[in-house]
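Asks: What follows is the residue order along each chain.
2 protein chains.
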Amino acid sequence: MNFLITTKDRNARRGLLATSRGTINTPAFMPVGTLGTVKAMSPDEMKEIGAEIILGNTYHLYLRPGTNVIEQLGGLHSFMNWDLPMLTDSGGFQVFSLSPLRKIREDGVEFRSHIDGSLHFIGPAEAMKIQGILGSDVAMVFDECIPYPADHEYAARSIDLTTSWARTCKGNQNPGQALFAIIQGGMYKDLRRKSAEDLLDIGFDGYAVGGVSVGEPKGEMHEIIDFSAPLLPEDKPRYLMGIGDFGDMLKAVEAGFDMFDCIMPTRNARNGTLFTSLGRISIKREEFKCDDGPLDPHCGCYTCRNYSRGYLRHLFLSREILSMRLNTYHNLYFYLDFFRKMRASIETGTFQSFKREWENIPF
Amino acid sequence: MNFLITTKDRNARRGLLATSRGTINTPAFMPVGTLGTVKAMSPDEMKEIGAEIILGNTYHLYLRPGTNVIEQLGGLHSFMNWDLPMLTDSGGFQVFSLSPLRKIREDGVEFRSHIDGSLHFIGPAEAMKIQGILGSDVAMVFDECIPYPADHEYAARSIDLTTSWARTCKGNQNPGQALFAIIQGGMYKDLRRKSAEDLLDIGFDGYAVGGVSVGEPKGEMHEIIDFSAPLLPEDKPRYLMGIGDFGDMLKAVEAGFDMFDCIMPTRNARNGTLFTSLGRISIKREEFKCDDGPLDPHCGCYTCRNYSRGYLRHLFLSREILSMRLNTYHNLYFYLDFFRKMRASIETGTFQSFKREWENIPF
Numbered sequence: 000m001n002f003l004i005t006t007k008d009r010n011a012r013r014g015l016l017a018t019s020r021g022t023i024n025t026p027a028f029m030p031v032g033t034l035g036t037v038k039a040m041s042p043d044e045m046k047e048i049g050a051e052i053i054l055g056n057t058y059h060l061y062l063r064p065g066t067n068v069i070e071q072l073g074g075l076h077s078f079m080n081w082d083l084p085m086l087t088d089s090g091g092f093q094v095f096s097l098s099p100l101r102k103i104r105e106d107g108v109e110f111r112s113h114i115d116g117s118l119h120f121i122g123p124a125e126a127m128k129i130q131g132i133l134g135s136d137v138a139m140v141f142d143e144c145i146p147y148p149a150d151h152e153y154a155a156r157s158i159d160l161t162t163s164w165a166r167t168c169k170g171n172q173n174p175g176q177a178l179f180a181i182i183q184g185g186m187y188k189d190l191r192r193k194s195a196e197d198l199l200d201i202g203f204d205g206y207a208v209g210g211v212s213v214g215e216p217k218g219e220m221h222e223i224i225d226f227s228a229p230l231l232p233e234d235k236p237r238y239l240m241g242i243g244d245f246g247d248m249l250k251a252v253e254a255g256f257d258m259f260d261c262i263m264p265t266r267n268a269r270n271g272t273l274f275t276s277l278g279r280i281s282i283k284r285e286e287f288k289c290d291d292g293p294l295d296p297h298c299g300c301y302t303c304r305n306y307s308r309g310y311l312r313h314l315f316l317s318r319e320i321l322s323m324r325l326n327t328y329h330n331l332y333f334y335l336d337f338f339r340k341m342r343a344s345i346e347t348g349t350f351q352s353f354k355r356e357w358e359n360i361p362f
Numbered sequence: 000m001n002f003l004i005t006t007k008d009r010n011a012r013r014g015l016l017a018t019s020r021g022t023i024n025t026p027a028f029m030p031v032g033t034l035g036t037v038k039a040m041s042p043d044e045m046k047e048i049g050a051e052i053i054l055g056n057t058y059h060l061y062l063r064p065g066t067n068v069i070e071q072l073g074g075l076h077s078f079m080n081w082d083l084p085m086l087t088d089s090g091g092f093q094v095f096s097l098s099p100l101r102k103i104r105e106d107g108v109e110f111r112s113h114i115d116g117s118l119h120f121i122g123p124a125e126a127m128k129i130q131g132i133l134g135s136d137v138a139m140v141f142d143e144c145i146p147y148p149a150d151h152e153y154a155a156r157s158i159d160l161t162t163s164w165a166r167t168c169k170g171n172q173n174p175g176q177a178l179f180a181i182i183q184g185g186m187y188k189d190l191r192r193k194s195a196e197d198l199l200d201i202g203f204d205g206y207a208v209g210g211v212s213v214g215e216p217k218g219e220m221h222e223i224i225d226f227s228a229p230l231l232p233e234d235k236p237r238y239l240m241g242i243g244d245f246g247d248m249l250k251a252v253e254a255g256f257d258m259f260d261c262i263m264p265t266r267n268a269r270n271g272t273l274f275t276s277l278g279r280i281s282i283k284r285e286e287f288k289c290d291d292g293p294l295d296p297h298c299g300c301y302t303c304r305n306y307s308r309g310y311l312r313h314l315f316l317s318r319e320i321l322s323m324r325l326n327t328y329h330n331l332y333f334y335l336d337f338f339r340k341m342r343a344s345i346e347t348g349t350f351q352s353f354k355r356e357w358e359n360i361p362f
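Protein chains in written order, with numbering that gives the first Met the number 0: chain P, 0 to 362; chain W, 0 to 362.
What the hints contain is simulated information worked out from the structure, not anything from laboratory work. Some hints could be false.
Any copy will do: because identical chains look the same in the list, a pair fits if it lies in one copy or spans two.
[Stated by the list, open to error] Restricting the straight-line Cα-Cα distance to at most 20 Å, the calculated cross-link-like pairs of lysine to aspartate or glutamate (EDC-like) are:
# : residue 1 : residue 2
1 : Lys235    : Glu109
2 : Lys250    : Glu105
3 : Lys38     : Glu319
4 : Lys102    : Glu70
5 : Lys193    : Asp82
6 : Lys169    : Glu105
7 : Lys169    : Asp204
8 : Lys288    : Glu70
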């Protein structure tokens, strides 16, 4: 994997992340394909809207259909018919957020499946083995994601555990697969710094910041974003995990982050909440009943080129599958288009005015 | 509308039905788009698989989103982004099969909505007005669809009512819209004959046989199919309503029917039941867990070209939207491909061997 920064606008970075399956323009948004499909979309549609990388969830795929099934069916790319780059998380976040019962040990986490309550164990070695079988282009280290709030003592012990797990991951790195570390430390700057320093000592292909947007106030999140970015090497990709709010992403790109993922565009689409250049829209509203205009008059996506708000409202109220398709298509297109425009603004040195313009849209 | 029979193989007919929105090759299968969308499919995908005409349901669209909404949004074609031919049923069948309460009058039927219990009235004049607003290329007369079994006296009175309603429909035919009559009469051949004669006297652009597959034994259905076809004019399209079983459709084409519609391919797809050249498959079966072969090794559809049975099983068990998409795509492709091959067999005078071959597949 190769990372090249082509332009900077203050700290905002315009880059190229080259993998053997294709090059990703950064700042990049990674749509989430939890169970081997970006919900409601086909791989062809993902390419059509310009997705250059998607994210797969190790925890979910490990439970369903199971690692052995994906192995026998040729790995995740082949399984789901996606030949462009893919990043997999390590399963850490889901083990801590979804499992109804878990026991943290030195070598990993014992947990129960949120589906059937069955008992499982994943540690750093297991997470690397699973991600190796999935065959993603970028793997993430197995980390502990602590809750908010957490006291300093717990958070301090946790980053040591995460660092020790990261070392094990590095020792088990799969050939041909990049490995990103995850900075933790809760809302404590001294711990964020220590976490970053310890992980940089080990050395990874990229660095992520995890453990944000876990319930803390926006102000604290933004402080951690601003504080963390300069701790990370200039020449490696920086990934802010799980953040998809436009204001937060603008703040993070301004600070120097390069990669993002979030379920916001897809989950909201299925619930009838759509992002447009005029703000957030709930498509079920009565006022759209006979509205023959497009969802977003400034959008060039398939949904906006071919369907009226009145039709989209009808599909949503009728719970038609096409509703989830057209809504998801639009929201993902809108996100990817936002990133295209943001990259262009960095290239032309106009990121600040781009940021101000987008901060004024009522999302 | 123009109908031309280009080849015959005994009574089986190969024809062309020309409308202002496009020409339909017959025998033709019409996928069902109940609520302004063929469930799980986009209009572009419908064209991709070779659909030349789809069916819209007047009853459903009248209730949701309502005729006035579709009128204000430019008619059903524009509303749903489908510019090829469309046939609408009259709502009669659904009024009799879905409404929890109905009162038949000389001039139509008073009924309650199956959605919210609200009171409505549709008669032949109303059915024509609604279909005029929907703007379909082929409208159907408003008919009474009697239950099975029904006694001779009731069935006799019913065909007189249906004929009188058909006369009103004819008097209210919309400009530029073809109108098909519907032969009723239950399982009584004398009544089927009288119904056909009375409707032929009025004169329509095409003739349908309704009131079959309402619970009667296959043998009775096949007798009615064989008996009814020769009652209908040679030079007009003949439409057997609601029949989608392969054996039944082969029987009907052999008798001289030209058009079919059924929810079988779409509803079964969503339930994980798939039609293949090797027979009917339930995709959830354990044996497909690690099966890396295509759903149907002889099928050229997008689903079969790109996905394994193992992946399709995983999507189905995970209730992913893509499961319904890929399954529906395959089943509809399989149906339309069946009709393509059936038409070719009529052209080459090999319909009988085609029929025998398909009757041997365990559907």
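Asks: If a hint holds in the structure, say so; if it does not, say that too.
Replies: Hints, one by one, checked against the model:
1. Within a single copy, Lys235 and Glu109 get their C-alpha atoms no closer than 33 Å, and across copies no closer than 71 Å, so neither meets the 20 Å cut-off.
2. Taking the closest pair of Cα atoms, Lys250 and Glu105 never come within 20 Å of each other, the shortest separation being 36 Å inside a single copy and 70 Å across copies.
3. Taking the shortest Cα distances, Lys38 and Glu319 sit within 20 Å of each other both inside one copy (15 Å) and across copies (7 Å).
4. Proximity of Lys102 and Glu70 under a CA criterion of 20 Å is satisfied in neither setting, with 28 Å inside one chain copy and 61 Å between copies.
5. Within a single copy, Lys193 and Asp82 get their C-alpha atoms no closer than 37 Å, and across copies no closer than 63 Å, so neither meets the 20 Å cut-off.
6. Proximity of Lys169 and Glu105 under a CA criterion of 20 Å is satisfied intra-copy only: 16 Å inside one chain copy versus 82 Å between copies.
7. For a Cα distance limit of 20 Å, the shortest separation of Lys169 from Asp204 inside one copy, 10 Å, qualifies, whereas the shortest one across copies, 74 Å, does not.
8. In this homomeric assembly, Lys288 and Glu70 come within 20 Å of each other (Cα to Cα) only across copies, at 12 Å, whereas the closest approach inside a single copy is 48 Å.
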